[in-house]
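Q: Sequence:
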Amino acid sequence: VATGWRLYPGAVSFQSSNRWDIAGATKFGFRTVWINRSNQPEEYRDFPPALILPSLEALVPGS
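For what it's worth, our numbering labels the leading residue of the sequence shown as 362, then goes sequentially.
For the record, the hints were derived by calculation from the structure and aren't laboratory data. C-beta atoms are modelled at their ideal positions from N, C-alpha and C, and glycine is treated no differently. One thing to keep in mind: the hints can contain errors.
Said to hold, decoys possible - Taking CB as the label site, the calculated pair distances span:
| no. | residue 1 | residue 2 | range |
| --- | --- | --- | --- |
| 1 | Glu-403 | Thr-364 | 26 to 32 angstroms |
| 2 | Arg-398 | Arg-367 | 32 to 38 angstroms |
| 3 | Thr-364 | Ser-424 | 28 to 34 angstroms |
| 4 | Leu-414 | Gly-371 | 27 to 33 angstroms |
| 5 | Gly-365 | Ser-416 | 28 to 34 angstroms |
| 6 | Gly-371 | Leu-420 | 25 to 31 angstroms |
Produce the complete structure using the sequences and hints provided.
A: The following block contains the structure:
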């Protein structure tokens, strides 16, 4: 994505409910949002997400 769109990795926002996906994307340099719907414990402390939200709806201001 970053190469194809000529973006710096930090300009890409990556959202997932899978913590392992967030860890990989964070390691790559993406800005990550972990959608932690079921309040799972943190498993990858070395690669923290930029933000943790309880739902996709929480991404939209005022929702």
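Q: Look at each hint and say if it fits the structure.
A: Evaluated hints:
Range check, Glu-403 to Thr-364: Cβ separation about 30 angstroms, and the 26 to 32 angstroms hint holds. Take Arg-398 and Arg-367: their Cβ atoms lie about 33 angstroms apart, and the range 32 to 38 angstroms holds. For the pair Thr-364 and Ser-424, the supplied restraint of 28 to 34 angstroms holds, since their beta-carbon distance comes to about 32 angstroms. About 19 angstroms separates the C-beta atoms of Leu-414 and Gly-371, a value inconsistent with the hinted range of 27 to 33 angstroms.
At about 29 angstroms, the CB distance of Gly-365 to Ser-416 agrees with the hint of 28 to 34 angstroms. For Gly-371 and Leu-420, the hinted distance range of 25 to 31 angstroms is not satisfied, since their beta carbons lie about 18 angstroms from each other.
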